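Residue numbers (our numbering), protein chains in the order written: chain A, 553 to 991; chain B, 553 to 991; chain C, 553 to 991; chain D, 553 to 991.
Calculated directly from the structure, the hints in this document are not laboratory data. Do not rely on the hints blindly, as some may be mistaken.
The list cannot tell twin chains apart, which means a pair is met if one copy fits it or any two copies do.
In silico DSSO-like cross-links for lysine-lysine, where the CA-CA straight-line distance does not exceed 30 angstroms [what the hints assert, rightly or not]:
1) Lys944 to Lys722
2) Lys930 to Lys755
3) Lys585 to Lys755
4) Lys930 to Lys746
5) Lys806 to Lys585
6) Lys930 to Lys593
7) Lys944 to Lys894
8) Lys930 to Lys585
9) Lys722 to Lys585
10) Lys593 to Lys894
11) Lys930 to Lys697
12) Lys944 to Lys930
13) Lys806 to Lys894
14) Lys585 to Lys746
15) Lys746 to Lys697
16) Lys697 to Lys806
17) Lys944 to Lys697
18) Lys944 to Lys755
19) Lys930 to Lys894
20) Lys755 to Lys697
21) Lys894 to Lys755
22) Lys894 to Lys746
Small disclaimer: the values here were computed from a predicted structure and weren't measured.
4 protein chains.
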Amino acid sequence: MSTFGRIYRVSTFGESHSPAVGCTVEGFPSLIKVQREEIQKALDRRRPGQSSLTTKRNETDQVEILCGLENEISIGSPIAFLVRNQDQIKKDYSEMDQVPRPGHADYTYLIKYGVKAQSGGGRSSARETIGRVCAGALADIYLEKQLNMNVFSFVTSVGDIQVPSEFITKIVNSPLREYTKERIDALGNITIFKDTLDNFIYKCEDIFYNQQGDQVLSCNETLLVQIEIVNMRCPHPPTAIKMIQKIQSIRGQKDSIGGTVTCVIQNTPIGLGEPCFDKLPALLAHAIMSIPATKGFQIGSGFEGTKMQGSQHNDTFYSDKQQNTQNSEKQEKVKQQSVILKTMTNNAGGTLGGISNGQSIYFSVAFKPVSTIGLPQKTSNLEGESTVLEAKGRHDPCVLPRAPPIVDSMASITLMDAYLLQQTHIPKAKEGSSQWQYF
Amino acid sequence: MSTFGRIYRVSTFGESHSPAVGCTVEGFPSLIKVQREEIQKALDRRRPGQSSLTTKRNETDQVEILCGLENEISIGSPIAFLVRNQDQIKKDYSEMDQVPRPGHADYTYLIKYGVKAQSGGGRSSARETIGRVCAGALADIYLEKQLNMNVFSFVTSVGDIQVPSEFITKIVNSPLREYTKERIDALGNITIFKDTLDNFIYKCEDIFYNQQGDQVLSCNETLLVQIEIVNMRCPHPPTAIKMIQKIQSIRGQKDSIGGTVTCVIQNTPIGLGEPCFDKLPALLAHAIMSIPATKGFQIGSGFEGTKMQGSQHNDTFYSDKQQNTQNSEKQEKVKQQSVILKTMTNNAGGTLGGISNGQSIYFSVAFKPVSTIGLPQKTSNLEGESTVLEAKGRHDPCVLPRAPPIVDSMASITLMDAYLLQQTHIPKAKEGSSQWQYF
Amino acid sequence: MSTFGRIYRVSTFGESHSPAVGCTVEGFPSLIKVQREEIQKALDRRRPGQSSLTTKRNETDQVEILCGLENEISIGSPIAFLVRNQDQIKKDYSEMDQVPRPGHADYTYLIKYGVKAQSGGGRSSARETIGRVCAGALADIYLEKQLNMNVFSFVTSVGDIQVPSEFITKIVNSPLREYTKERIDALGNITIFKDTLDNFIYKCEDIFYNQQGDQVLSCNETLLVQIEIVNMRCPHPPTAIKMIQKIQSIRGQKDSIGGTVTCVIQNTPIGLGEPCFDKLPALLAHAIMSIPATKGFQIGSGFEGTKMQGSQHNDTFYSDKQQNTQNSEKQEKVKQQSVILKTMTNNAGGTLGGISNGQSIYFSVAFKPVSTIGLPQKTSNLEGESTVLEAKGRHDPCVLPRAPPIVDSMASITLMDAYLLQQTHIPKAKEGSSQWQYF
Amino acid sequence: MSTFGRIYRVSTFGESHSPAVGCTVEGFPSLIKVQREEIQKALDRRRPGQSSLTTKRNETDQVEILCGLENEISIGSPIAFLVRNQDQIKKDYSEMDQVPRPGHADYTYLIKYGVKAQSGGGRSSARETIGRVCAGALADIYLEKQLNMNVFSFVTSVGDIQVPSEFITKIVNSPLREYTKERIDALGNITIFKDTLDNFIYKCEDIFYNQQGDQVLSCNETLLVQIEIVNMRCPHPPTAIKMIQKIQSIRGQKDSIGGTVTCVIQNTPIGLGEPCFDKLPALLAHAIMSIPATKGFQIGSGFEGTKMQGSQHNDTFYSDKQQNTQNSEKQEKVKQQSVILKTMTNNAGGTLGGISNGQSIYFSVAFKPVSTIGLPQKTSNLEGESTVLEAKGRHDPCVLPRAPPIVDSMASITLMDAYLLQQTHIPKAKEGSSQWQYF
C-alpha cells in the first residue's frame with residue numbers, strides 16, 4: 553500500500569518517469585497557516601546539492617499545492633502536492649531490459665506484478681520520497697509551531713567512519729532547538745580549500761580546520777582555492793571531513809558505501825504511541841524501514857543495550873519541579889495527583905512500553921551501500937544466462953548526505969499521526985466540573 | 553491500536569489481571585484444517601519452562617477456540633481464541649501504587665490514559681503476547697502446509713555471549729526444514745549435570761559436552777546428578793551453555809540481561825511486500841518492534857552492512873535451472889519469458905526493493921534487559937519525592953529463551969498478511985486464453 | 553470484514569452454533585464508568601420476549617466482560633464481551649444439508665467460502681448481532697452520560713400498518729428525553745385482555761383501549777383475562793395493536809411479514825461526519841444496511857423528499873439566542889463570530905453536506921419479511937433438482953419487535969466513532985492565547 | 553475521510569475553487585490496458601450537456617493521468633488523475649459570506665472546521681465527484697473487460713413523474729448488455745421539435761413520438777424546428793418527455809425538484825460481499841449515500857418489500873443446467889458437488905445474506921431537490937439576524953440527469969473492491985491435487 557497513518561494519512565504517487573510524483577494528505581487539522589515556501593524549502597533540502605558527494609542530475613522539483621488551503625490557511629480538506637518529473641521519456645517495450653540490476657527491485661517487481669517500469673526505478677525510485685518530504689514538511693509546521701517539537705536527523709557514520717558516541721549523546725540531550733535541521737545543515741556545510749602545499753583545509757561555520765580536525769587559527773585566504781562546498785549533514789566537523797574523504801575515495805573506485813543516520817525528536821508530549829501493535833517505536837520502525845535502502849532501525853540503547861544489565865539500563869525517574877510548565881491539559885489534570893517525572897539517563901530512547909515519556913526520542917537507521925555502481929558486475933539475465941552489467945551515468949556513491957531530510961519526514965509524519973490519535977483517548981471533562989470524575 | 557494486518561487481521565485483547573486474554577483473527581482462508589492442539593502447542597512453547605532461566609509462575613494457559621471452525625475446518629468466519637487468566641485479583645484504588653517502576657510502562661500509561669491498571673503490567677504485560685502466539689500459530693498452519701514455508705527463530709546472543717556469525721549464516725542457508733522450531737527447541741534443550749568435582753557437563757541431543765563445549769566421549773552417568781533441563785533455544789550448544797551460565801550469574805546478582813534473537817523465513821514466494829510504505833522489511837519491523845522489550849531490528853546485512861561497499865554488498869543473480877520447480881501460478885507465467893533467479897549471497901536478507909526475492913528472509917532483534925530486577929533502585933514517586941524501589945517476587949533475569957515463539961508469531965502473521973494481499977495484485981487470465989495478454 | 557469504525561472499532565465474532573459469540577471494542581476512552589449490568593440490560597432488550605410475537609427459544613445470553621475495565625472504570629484497553637451459545641451441537645458433515653433455504657445466505661456462503669456452517673445460520677445468524685448490541689450499549693454510556701445524547705428506535709410499520717407520519721414528526725421533534733429507549737419500550741408494551749364478548753381490549757401504560765384505539769374510560773377488570781404482554785416497540789398504541797393483530801394473523805398463515813423501524817438521535821453535537829466518503833448519512837447507511845434482513849435506508853425526507861421542490865425542502869435557518877447554551881469548546885469559539893443556528897423544519901434529517909447540524913437526526917429502515925417460514929416452498933437442491941422445503945420449529949413471523957435494539961446499537965456505534973474522529977480535526981489553542989489565531 | 557475501499561482504494565482531493573481536483577487509486581491490478589480516452593469519456597458523461605436541463609457553466613474537465621501506467625498498461629503502482637479547475641479565484645477573507653445557504657454544507661463545515669471555503673461549495677461541491685468518476689471508469693475497465701460485468705444507472709423519477717415499475721423490472725432482467733450506459737444515454741437522448749400547431753413531438757432513437765408517447769408514423773420534418781437535444785438518461789421515452797416538461801416548469805419557477813436513480817449490475821460473480829459489517833448492500837449504501845444530495849437507498853424490493861409476506865418475497869431457487877457456463881475457478885470446484893442455482897424472482901436484488909448470488913443487483917437512490925434556488929429564501933445570518941437570500945447565477949433545477957454517471961462510478965468502485973477482496977478468501981489447491989481437500 554502507498555498510504556501511511558491512521559488519522560494523518562499520507563498517500564504518495566508517481567514513478568521516476570511518470571508525468572509527476574506527489575502525495576495527498578488527509579487529516580491535517582484546519583486553521584493552520586501553511587505556506588508553499590515551507591514545503592518547497594524541505595524539498596530543496598532533499599534535492600541533490602552542488603557537491604561531488606551527490607549526483608549531478610539537475611532536479612528543480614518545484615512543488616504545487618493543488619488543494620486543501622485557502623489564503624494559506626488549512627480548511628480541513630485533503631492537501632495534495634504535485635511535482636512534475638523532468639524526464640518522462642519512456643522506453644519502448646521492445647527494448648525491454650533483460651538484465652535485472654543486482655540489489656535493485658527490478659526482478660522482484662517483475663515477478664510481483666508481471667511487469668515492471670521500463671525506465672529507471674519506476675515506483676522504487678528515490679523520487680517517490682518527494683511525496684514523503686512534502687507530507688513531512690506539512691506535519692512539521694504543526695509539530696514545531698503548535699507543539700514546540702523539534703525533529704532533526706544527521707549522518708552518524710559513513711562506512712567505518714563514525715561520529716563519537718559521546719557527541720551523539722550530547723546532541724540528544726542538548727537544550728531544545730540548539731540543534732535543528734537548519735543548524736545541522738549549517739554545521740555539516742563544509743567548504744574544502746586547496747592550499748599551496750597540495751594539502752587541504754576546510755571551513756565550517758567560519759572556522760578553518762586542517763585535515764586532522766585541529767582548528768587552524770590563522771590562514772592566508774589569498775593562498776586558497778575553494779574547490780567545493782559540501783553539505784555532509786554531519787554536525788561533527790572533524791568526522792564530517794573524514795566522511796567526505798571516504799566518499800571521494802569510494803567514488804574514485806566507481807563503488808558505493810553505506811552509513812547510518814540518527815534522528816532526534818525533542819519535546820514530544822508524554823503519552824504518544826499505542827499500547828499493543830502500534831507502539832511508537834514500532835510505528836517509527838515501520839515508517840523508517842519503508843525508506844529505500846534501509847536495513848536496520850534501533851531506538852535508544854538499541855543493539856548495544858542488549859549487552860547491558862537491567863540495573864544499568866533502567867532510566868531512573870526524578871522530578872525537576874521547577875520545570876513543570878508543560879501545558880497539556882491532561883498533564884495538568886494528572887499534576888493534581890502527581891508531578892511530571894523525568895529520567896536521569898535515556899537508554900529507553902524516549903519511550904516506555906511503546907509510549908513517549910517526554911524525554912528526547914532518538915533512533916538510528918542503517919543505509920546499505922547504493923546498489924547502482926560503475927564497476928562491472930557479474931549477474932544473470934532473465935533467461936538465466938550469465939552476463940556482466942556496467943551502470944552508465946553518474947550515480948551517488950553514498951546516499952547518506954541526502955538521507956536526513958527523508959528520515960525527518962517519516963519521523964514527523966509518524967509523530968503527527970500519533971499526536972492526533974491521542975486526542976481521541978481521554979474524554980473531556982463535562983461542563984461545570986473542573987476535573988474529570990470517574991468515581 | 554490493538555489490531556495488526558490488512559487482510560489477515562489480528563486483534564488481541566486482555567490485561568495481566570483481567571478475566572481473560574485472547575485474540576480474534578479475521579481473514580483466515582476457509583477450508584483449512586485447524587486443530588486446537590496445534591495452537592495449544594504454540595502456547596506451550598511460549599510458556600515458561602521448568603528451568604531456573606525463566607520465571608517460576610505456573611501458567612497453564614489452555615486455549616479455547618470460540619468460533620470460526622466447524623469440525624476443525626475453517627469456514628471463513630473470524631476465529632477467536634480465549635485463554636483465562638489464573639490471577640485476576642485486582643487491588644483497590646485506594647492502594648494505588650505511587651511509585652512507577654523504572655523502565656516500565658506504568659508512568660506513560662498513567663499520563664496517556666489518566667489511569668493505569670492497578671495490578672501487574674495491565675495491557676503492557678507479556679501476557680498480551682498470548683493472543684499473538686495464537687494468531688501466529690494459526691498463520692503457520694497455512695504457511696507451512698499450504699505454502700511449504702518455514703519460519704523459525706533462535707537466540708543469537710545473551711549479553712556479550714554470541715553465536716558465531718558463520719553458524720548463523722549456515723542456518724539461514726540450510727536446506728529447507730533442516731532447522732525448524734522443533735529442531736531449534738531440541739538443540740537448545742540442554743540438560744545440565746553435576747559431577748563429583750563440582751564442575752558440570754551438559755547433554756544436548758544425547759551427546760555430552762564439557763564446559764568448554766568439547767564433546768565428552770564417555771561419561772559415567774552414575775556419578776552425575778541432573779540438576780536442570782533448560783530450553784535456551786540457542787541451536788549452537790557451546791554458546792548455549794555459556795548463555796546459561798551467564799543468565800545464572802545474572803540471577804545471582806538479582807539483575808537482568810538483554811540479548812538478540814534471529815528469525816529465518818525459508819521458501820517465501822517471490823513478490824510479497826508492497827512497493828512503498830508497506831515494504832516487507834517495514835512490515836516486519838513494525839511487527840517485531842511491537843513486541844515488548846525490543847529496541848532494534850535489522851534485516852540481512854543490517855548495521856554491519858553499512859560498512860560494506862556496494863560491490864561486496866550487491867547479491868549476484870544466477871540461475872539454477874534444475875531447481876525451477878516452484879509451483880506458483882504466476883511464476884509459471886513469467887517463466888515463459890524468464891527463469892527463476894537466485895542470488896549467490898544474501899546480504900539483502902531476502903527482499904529487494906521491499907519485496908521478497910525468494911531467498912531466505914532473516915532478521916535479528918534486540919531485546920533490552922528486563923526492567924523488573926530484584927536490586928533496589930533509586931527512583932521517584934508520583935509526588936516527585938525520591939524513593940527506593942525493590943521488586944518482590946521471582947522475575948525472569950532474561951527474556952531471551954521465551955522470545956523466539958513470540959518473534960515467530962509476529963513473523964508468521966506478517967507473512968500471512970502479505971501473502972493474502974498479493975492475491976489481489978495480478979488478474980487471472982480470462983477463460984480461453986492460456987496466458988494473460990496485455991497488448 | 554467483521555470490523556466497523558475507525559477509532560471506535562468494533563469487531564464481532566461467533567456463529568449460531570459455535571461455543572460463543574461476542575465482540576471486542578477498541579478506542580473506547582479511558583476513565584469512563586462501565587457496569588456489566590448496563591450491557592446486560594441492552595442484551596435483555598434484544599432477547600426475544602414473553603409473547604407470541606417473537607420466537608419461543610430460550611436464550612439467556614449472559615454477557616461476561618473479559619477485559620478493558622478495572623473496578624468498573626475503562627482503562628483505555630480493548631474491551632471484550634463474551635456470550636456463550638447454549639446450543640453448540642454441530643451436525644456431522646455426512647448429513648450436509650443439500651437444500652439451500654430461499655432468501656437465506658446458505659447458498660451464497662457455500663459459493664463464497666466453498667463451505668458453509670452445517671447448523672443454523674452460522675455467521676449469518678441473528679446471534680451475530682449480540683456483539684453489536686454490546687458495543688452499542690458501551691457507546692451509549694458515553695453518548696448519554698458524557699454528551700447528553702439520546703438514541704432510540706421504534707417500529708413504524710408492519711406490512712401496510714403504519715404509524716401516522718405526524719406522530720413520527722412529533723417524536724423526532726420531542727423535547728430531549730421525552731422519548732427514550734425505555735419510554736418506547738413502555739409505550740410499546742401492550743397487555744391484551746379477553747373480555748366476555750369475545751372481543752378484546754388492551755392496556756398501554758395503565759390506560760385501557762378498545763380495538764379501534766378509543767380510550768375505554770372504565771373497565772371491569774374482573775371480567776377480563778390477561779392473555780399476553782407484548783412488547784411491540786411501537787410508541788403509538790392504536791397502531792401497535794393493529795400491528796399485533798397483523799402479526800398474529802401472519803403467524804396463523806405460517807408466513808412472515810416485513811416492516812420499518814425509525815431511529816431518532818437527539819442532541820448530536822454539530823460537526824460530526826466527514827465531507828467526502830464518510831458523510832454521516834453514508835456511515836449510518838453502511839451501519840444499518842449491515843443488519844440482517846434490511847433492504848432500505850432513508851434519512852430525513854428520504855424517498856418522499858424527492859417529490860418536493862427545493863423551496864419546500866430547504867430547512868430555513870433561524871437563531872434562538874436564548875438557547876445558545878451548548879457547551880462545546882469549538883462552538884464557543886465560533887460564537888464569538890456567530891450564534892448557534894437552528895432550522896425551522898428538518899427535512900435534512902439532521903445533517904447538511906453529510907455533517908450533523910445539531911437538529912435531530914432521524915432515519916428509517918426497511919426490514920424484509922423473515923425468510924424462514926412454515927409454509928412449504930418449492931426450491932432446488934444443490935444438484936439442481938426441484939424439491940419442496942418446509943421449515944421445522946418455531947420462527948419469528950416478524951423481526952420488527954426485535955429490531956429496534958439492534959438499530960440503536962449500530963446508530964450509537966456510528967455516532968461514537970464520528971465523535972471521536974472529530975476530536976482530531978481542530979487544533980487546540982496554544983497556551984497563553986485565549987483563542988486560536990490563524991492570521 | 554476522503555478514502556473509500558480496502559483493496560481498490562480511492563482517495564479524492566480538491567475543492568470547487570482550488571487549482572485542481574482529482575483522485576488517486578491504489579490496488580488496481582497490473583497488466584491491464586488503460587487508455588486516457590476511456591476515463592475522459594466517463595468525465596464527458598458527467599459534464600453538463602448542451603441542454604436547458606443542466607447548468608450552462610462551461611467545464612471542459614480534461615483529465616491527465618499522472619502516473620501508474622506505462623505504455624497504457626497498468627504496472628501495479630497508484631494511478632493518479634488530475635483535472636484543473638477553470639475558476640480558481642478566491643474571495644478575500646474580509647468579504648466572508650455571513651449568510652449560510654439553507655440546505656447547504658456552509659454552516660456545518662464552518663462549525664466542524666472553524667473555517668469554510670470562501671468560494672463556492674469548497675469540498676462539498678459536486679466537482680469533488682470528478683475524482684469518483686475517474687476511479688469508477690478505471691474500475692469499469694476491469695469489471696467489463698475482465699469479468700464481463702455490466703454496471704449502469706438511469707433516472708427513474710423526477711418529482712412525481714415515475715418510470716413504470718414493470719419497465720424497471722424488464723431492464724433489471726434484460727439479457728446482458730441490452731441496456732448499458734451507452735444504450736441508456738441513447739434512449740434518454742431526446743430531441744424536441746416544435747410543430748406548426750404549437751404542440752411538439754419528440755424524437756428518440758430516430759423514431760418520432762407525440763406528447764402522448766404514441767409513435768408518429770410519418771412526420772413532415774420541414775415543418776419542424778428542433779429546439780433542444782436533452783439527455784435525460786431515462787430509458788423510457790414517454791416518461792422521459794414528461795420529466796423534461798416537469799424540469800422546464802420547475803426552472804420557470806426558479807425552483808428545483810428531486811428524483812430517483814436506479815442502478816443495475818449484471819453478471820456479478822457469486823460470492824462478493826462480506827458476511828458481517830461489509831455486506832455488499834451495506835458497502836453499496838455507504839458508497840451511494842456519500843454522493844452529494846442523496847437521501848435514501850433501497851436494494852431489491854426495498855421499502856415496498858416490507859409490505860410483502862415471506863412466501864411472496866422469498867426468491868425460489870431453480871437450476872438452468874444449460875447455462876452453467878460461468879467460468880470462475882471456484883464455481884467450477886463447487887459444481888462438482890452442485891450446479892449453479894438461479895432464482896425465479898429477484899426481490900433480493902442480487903444478494904443473499906449480504907453476498908452476491910449471481911442475479912442482477914439493482915438498487916434505487918433518492919436525490920433531494922437542489923438546495924440552491926433562484927427564489928428568495930428567508931434565513932438567518934451568522935449573527936442570528938433574519939435575512940433573505942437570493943441565489944445569483946444559473947443553477948441546475950434538477951441533478952437527476954447528471955446523477956447516473958456518479959452512481960455508476962460508486963457502484964463500480966464498490967464492486968471492484970469486493971471482487972479483489974474475495975481473491976483472498978479461498979486457498980488455491982496445492983500442486984498435484986486437482987481439487988482442494990479439506991478432510
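Consistency of the hints with the structure:
no.: 1; hint: Lys944 to Lys722; verdict: neither (42 angstroms within a copy, 36 angstroms between copies)
no.: 2; hint: Lys930 to Lys755; verdict: neither (42 angstroms within a copy, 46 angstroms between copies)
no.: 3; hint: Lys585 to Lys755; verdict: neither (37 angstroms within a copy, 56 angstroms between copies)
no.: 4; hint: Lys930 to Lys746; verdict: neither (38 angstroms within a copy, 55 angstroms between copies)
no.: 5; hint: Lys806 to Lys585; verdict: neither (46 angstroms within a copy, 40 angstroms between copies)
no.: 6; hint: Lys930 to Lys593; verdict: neither (41 angstroms within a copy, 47 angstroms between copies)
no.: 7; hint: Lys944 to Lys894; verdict: between (54 angstroms within a copy, 24 angstroms between copies)
no.: 8; hint: Lys930 to Lys585; verdict: neither (53 angstroms within a copy, 35 angstroms between copies)
no.: 9; hint: Lys722 to Lys585; verdict: neither (33 angstroms within a copy, 46 angstroms between copies)
no.: 10; hint: Lys593 to Lys894; verdict: neither (35 angstroms within a copy, 43 angstroms between copies)
no.: 11; hint: Lys930 to Lys697; verdict: neither (52 angstroms within a copy, 37 angstroms between copies)
no.: 12; hint: Lys944 to Lys930; verdict: within (15 angstroms within a copy, 61 angstroms between copies)
no.: 13; hint: Lys806 to Lys894; verdict: between (49 angstroms within a copy, 25 angstroms between copies)
no.: 14; hint: Lys585 to Lys746; verdict: neither (46 angstroms within a copy, 57 angstroms between copies)
no.: 15; hint: Lys746 to Lys697; verdict: neither (42 angstroms within a copy, 66 angstroms between copies)
no.: 16; hint: Lys697 to Lys806; verdict: neither (44 angstroms within a copy, 46 angstroms between copies)
no.: 17; hint: Lys944 to Lys697; verdict: neither (45 angstroms within a copy, 41 angstroms between copies)
no.: 18; hint: Lys944 to Lys755; verdict: neither (34 angstroms within a copy, 58 angstroms between copies)
no.: 19; hint: Lys930 to Lys894; verdict: between (55 angstroms within a copy, 13 angstroms between copies)
no.: 20; hint: Lys755 to Lys697; verdict: neither (33 angstroms within a copy, 63 angstroms between copies)
no.: 21; hint: Lys894 to Lys755; verdict: neither (38 angstroms within a copy, 48 angstroms between copies)
no.: 22; hint: Lys894 to Lys746; verdict: neither (48 angstroms within a copy, 47 angstroms between copies)
Against the hints set out earlier in the document, violations occur for numbers 1, 2, 3, 4, 5, 6, 8, 9, 10, 11, 14, 15, 16, 17, 18, 20, 21 and 22.
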